[in-house]
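Novice: If you want the building blocks of each chain, they are given just below.
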Amino acid sequence: MIALLTDFGEKDYFVASLKAVILSINPRVKIVDISHEIEAYNRLEAAFLLKAVAPYFPRGTIFLAVVDPGVGSDRKIIMIKGKKHFFVGPDNGILIPAAEEEGLIEVRELRAEKYFLSSWSQTFEGRDKMAPAVAWLSRGVPFESFGPIATGWEKLVLPAPSFLPLEIRAEIIHCDRFGNLVTTIPVQPFLDWFKEKKESGLILRCQKRRWPLQYVSAFAYGLSRQPLILPGSSGFMEIAWKEASAASRLGIKAGDKITIKVVKSRNNLNKNKAGK
Amino acid sequence: MIALLTDFGEKDYFVASLKAVILSINPRVKIVDISHEIEAYNRLEAAFLLKAVAPYFPRGTIFLAVVDPGVGSDRKIIMIKGKKHFFVGPDNGILIPAAEEEGLIEVRELRAEKYFLSSWSQTFEGRDKMAPAVAWLSRGVPFESFGPIATGWEKLVLPAPSFLPLEIRAEIIHCDRFGNLVTTIPVQPFLDWFKEKKESGLILRCQKRRWPLQYVSAFAYGLSRQPLILPGSSGFMEIAWKEASAASRLGIKAGDKITIKVVKSRNNLNKNKAGK
Amino acid sequence: MIALLTDFGEKDYFVASLKAVILSINPRVKIVDISHEIEAYNRLEAAFLLKAVAPYFPRGTIFLAVVDPGVGSDRKIIMIKGKKHFFVGPDNGILIPAAEEEGLIEVRELRAEKYFLSSWSQTFEGRDKMAPAVAWLSRGVPFESFGPIATGWEKLVLPAPSFLPLEIRAEIIHCDRFGNLVTTIPVQPFLDWFKEKKESGLILRCQKRRWPLQYVSAFAYGLSRQPLILPGSSGFMEIAWKEASAASRLGIKAGDKITIKVVKSRNNLNKNKAGK
Numbered sequence: 016m017i018a019l020l021t022d023f024g025e026k027d028y029f030v031a032s033l034k035a036v037i038l039s040i041n042p043r044v045k046i047v048d049i050s051h052e053i054e055a056y057n058r059l060e061a062a063f064l065l066k067a068v069a070p071y072f073p074r075g076t077i078f079l080a081v082v083d084p085g086v087g088s089d090r091k092i093i094m095i096k097g098k099k100h101f102f103v104g105p106d107n108g109i110l111i112p113a114a115e116e117e118g119l120i121e122v123r124e125l126r127a128e129k130y131f132l133s134s135w136s137q138t139f140e141g142r143d144k145m146a147p148a149v150a151w152l153s154r155g156v157p158f159e160s161f162g163p164i165a166t167g168w169e170k171l172v173l174p175a176p177s178f179l180p181l182e183i184r185a186e187i188i189h190c191d192r193f194g195n196l197v198t199t200i201p202v203q204p205f206l207d208w209f210k211e212k213k214e215s216g217l218i219l220r221c222q223k224r225r226w227p228l229q230y231v232s233a234f235a236y237g238l239s240r241q242p243l244i245l246p247g248s249s250g251f252m253e254i255a256w257k258e259a260s261a262a263s264r265l266g267i268k269a270g271d272k273i274t275i276k277v278v279k280s281r282n283n284l285n286k287n288k289a290g291k
Numbered sequence: 016m017i018a019l020l021t022d023f024g025e026k027d028y029f030v031a032s033l034k035a036v037i038l039s040i041n042p043r044v045k046i047v048d049i050s051h052e053i054e055a056y057n058r059l060e061a062a063f064l065l066k067a068v069a070p071y072f073p074r075g076t077i078f079l080a081v082v083d084p085g086v087g088s089d090r091k092i093i094m095i096k097g098k099k100h101f102f103v104g105p106d107n108g109i110l111i112p113a114a115e116e117e118g119l120i121e122v123r124e125l126r127a128e129k130y131f132l133s134s135w136s137q138t139f140e141g142r143d144k145m146a147p148a149v150a151w152l153s154r155g156v157p158f159e160s161f162g163p164i165a166t167g168w169e170k171l172v173l174p175a176p177s178f179l180p181l182e183i184r185a186e187i188i189h190c191d192r193f194g195n196l197v198t199t200i201p202v203q204p205f206l207d208w209f210k211e212k213k214e215s216g217l218i219l220r221c222q223k224r225r226w227p228l229q230y231v232s233a234f235a236y237g238l239s240r241q242p243l244i245l246p247g248s249s250g251f252m253e254i255a256w257k258e259a260s261a262a263s264r265l266g267i268k269a270g271d272k273i274t275i276k277v278v279k280s281r282n283n284l285n286k287n288k289a290g291k
Numbered sequence: 016m017i018a019l020l021t022d023f024g025e026k027d028y029f030v031a032s033l034k035a036v037i038l039s040i041n042p043r044v045k046i047v048d049i050s051h052e053i054e055a056y057n058r059l060e061a062a063f064l065l066k067a068v069a070p071y072f073p074r075g076t077i078f079l080a081v082v083d084p085g086v087g088s089d090r091k092i093i094m095i096k097g098k099k100h101f102f103v104g105p106d107n108g109i110l111i112p113a114a115e116e117e118g119l120i121e122v123r124e125l126r127a128e129k130y131f132l133s134s135w136s137q138t139f140e141g142r143d144k145m146a147p148a149v150a151w152l153s154r155g156v157p158f159e160s161f162g163p164i165a166t167g168w169e170k171l172v173l174p175a176p177s178f179l180p181l182e183i184r185a186e187i188i189h190c191d192r193f194g195n196l197v198t199t200i201p202v203q204p205f206l207d208w209f210k211e212k213k214e215s216g217l218i219l220r221c222q223k224r225r226w227p228l229q230y231v232s233a234f235a236y237g238l239s240r241q242p243l244i245l246p247g248s249s250g251f252m253e254i255a256w257k258e259a260s261a262a263s264r265l266g267i268k269a270g271d272k273i274t275i276k277v278v279k280s281r282n283n284l285n286k287n288k289a290g291k
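Chains as they are written, first to last, in this note's numbering: chain A, 16 to 291; chain B, 16 to 291; chain C, 16 to 291.
Please note: incorrect hints may appear among the correct ones.
[Unchecked claim] Only some residues are given here: those of chain C computed to face chain A with a beta carbon under 8 Å:
| hint | residue |
| --- | --- |
| 1 | GLU25 |
| 2 | GLY85 |
| 3 | ALA235 |
Derived from the structure by calculation, the hints contain no laboratory data.
The beta carbon of each residue, even a glycine, is placed where N, CA and C say it ideally should be.
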C-alpha cells in the first residue's frame, strides 16, 4: 500500500499525476490519500500529520510525502526504512518525526535514475522521481537499489511544551477542520500533571487574553460557554469548543503560543474578569 | 465495499485514519468516499445525502457515516442490516432515512469490544470503534456478533412539503456545489400536481420576496433571466439558474422555507413587478 | 482503470454516484480521481487539465470527463478511442485536445440504451448514461457496441501564443493551488526563443502594469522579490513567485492576456520604475 501526503490541493492535476505514474508501474497497488490540503510549503504541519496518522497504517505501507519548496534545487530526496513502514520524500525534515517515532533502520538517498521517469522536469520531482521510486519499491525492488546510504539529513523537531508546577507553556501546532486547536502537549504527561490539580481551575492565556478552561474527557461533556481542553485523537491535548470552532471563538491559530495555568478554584476565577 | 460519509473535511488526518484502520484489518476491501464535506455537525445534510446516494451502491455495500457531535458521550453506536446494504454510525438519526427507504431487517448496538482497536480515545470513536467494526464486517464476521439487538434508536425525519391546490410549501434541504437548491419536494408528486396546471405560471416565494419560476425538464431548456424548477437527480425538485448559482442570485440557502404558487398565466405575472 | 474529471465538487453526492454506478457494474475496476474542482462549467480548464495529465496514465485507461452545462439537451455524448486511451464525455470539446494529442482512432456517439441505467434523469446523464457506459467498456464490451460512428463533434482549441522577435503574447490558462500561473507558452519553443537572448532581461506586462521577470529552471533558484518564469510540469511555461502566490502578488488570473518582452539588459530595467 502507498499513502500520499502533499500540499498539492485537490483542484489541479498534481495528485492525479502521482497516481497515474504509480499505477502505470504497479497497477495493483492500493493508494490511500492522507491529505493534499497541507498549507502550501508548511513542513511542520506535514510532519505533524504524518506522525499522527502513520501508526494506524498496516506494516509495510510506503508513505510518499511531498511538501517541497526546494524542488529542483540540489536538496536530496531520501528514502527511509523504518521498523514498520517506508517513508519517501524530500530531505527537508517532514519524514523524520514519524520515522523516528517507530525507529529508523536505514536511510538512503534516492539517486538511481533507472527508477525515474525517462524525462524529468525540475518543477515536479514528486511525479518524475519519487512516484516511480515508490511504485518500484511497492513492486518489490529492494530498498538498497535506490541509492547510497545517506550520510546525513535535515532534522525537524516538533516544538515541545514546558511543564512548570503551575503552568504549561505550549504552542498550537494544527487547527483542524472543526476549529479544534491541537496543542504540542502530549496527553499522558498532561494527565499526570493535572491529576493532583483536579480541585483547581484552569485558565488559558494567549497573548494578553485569558479564558477559563474546562477539562473534559469528551466533547459531549463540555459546557458550551467556554473553551474546553481534552485528550485529542492524535495523542495531543486539544483546545476545543462544544459544537463550534474554538479557533474562531478565541481568535487563536496554528503557530500561536499559549499558556495553561492553574488557579486555586474555579469560583475565584469566575469572580475575576475572565474572558475576552 | 465500504462507503464513507463524514463531516471530517479533507485537510486533516481523520479520513486517512479511518482508511488506515480499515485496510489494516481487511487489505482487500474497496473504499469509496461519498463526501467528507458535510457541514460540521449537520445531521440533516448527512441523512439527506446518504439517502440520495445509497440506492446506487452495489448490494452488500457497508456505509459508515460519521457526523457525531455526541462522540465520547453515552450515545450508542448502531449497525443496521437493511434489505440491500449495511449502515453503521452513531445513534443520532443520520442512518435512518436511507435505511428505512430500503427497509430495515435488524438493528444492533455496536458493543463487542473485541472488534474495537485495542485502545480507544473518547474523541474519535469513528476510528477506534466504528472503522474496525465495518472492516471486520466486510471480512465476514457475522452481523450478530457485534452486539445485542437495539431496543430503540433516534429517529430523524426529513422535512416533508405540504401540497395545497394552488401552492406547495416546502424547504431547502441542501445547496449543492453549483448553487442549485434542492427542495424537499419529491419529483413524482410534483409532476402529478403540476400536470393540470401547465397553462399557468409559477412563482417562487421566500420570505417576502418573489420571482417568476420556469418549469423545465433540463437545465439547457431554461431561460437565463429567472430561476428554474426542474426534476433533480436526487429524486427531489431543484431550484436552479442556468449556468449560474441560484443560491447567490436568490439569496436562498439550506434551511430556508419556500412557497411555490400557481398564477393564472405567465403573462399576468410578468406584467407585475416580479423578482427582487 | 477509469479516471474521472468533473466540476462536481467534493461536497455533494455526485462523484460518489458515478463511482457507485461504475462499481455496481464492474466491482474490480480501479477508479482514480483527476479532479472534481474544475470551475463550474469551465470547459477550457477541463480540456487543459485532461491534456496535461492523460499522457501519464497507463495504456487503456478510460477517461470520463463531465463538465456539462448542456446536460439534458440534445447535445450528444461521445466516446473516443485514441491511440493509447479511451475518452468519454459530453460533445462540447473538453475531450478533444487530450485525444488529438495522442491521435484519434475512432469517435462514436453513445446511444445504446441497454448500457444506460434502467431509468435516467435529464439532469445527471453523467451518472445515468456515461458512468454505466464506461463501466461496461471497462468490462470488455466492444467499443463498437455503444453507438454509431460520430459524423462530427465540437472542437475546442486551447489558445496559442504569438512569438515575435522581441516579445511573446500569450494568455494565462490556469492558476494552480500555489498561485502559479500556467501560460499558453509551450516549454520547448520558449527555450528556443530565449536561447539567444540570455544576456537580456525580460519583463512581464499585463494590462498596463509591468514587472521585471526572472527566468529560472526551478523555483529554488528564484529571487523572492520578483516574479519568475520557469518550465512548468504540464509542458507550459509558468509565472511563479518563490514560496508565494504569483496570482495574488501580481493580481493576474486565468483568462488574462500577458506579454513577455525582451529588454536589453537587466540593469536598464531595474533602473526604470518597474513593478507595481
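Novice: Now, for every hint given, state plainly whether the structure supports it.
Specialist: Each hint tested on the structure:
1. For GLU25 of chain C, the interface hint holds, since its Cβ comes within 8 Å of a Cβ in chain A; the closest pair sits about 7 Å apart.
2. For GLY85 of chain C, the interface hint is violated, since its Cβ never comes within 8 Å of a Cβ in chain A; the closest pair sits about 23 Å apart.
3. About 3 Å separates the beta-carbon of ALA235 of chain C from the nearest beta-carbon of chain A, less than 8 Å, and the hint is met.
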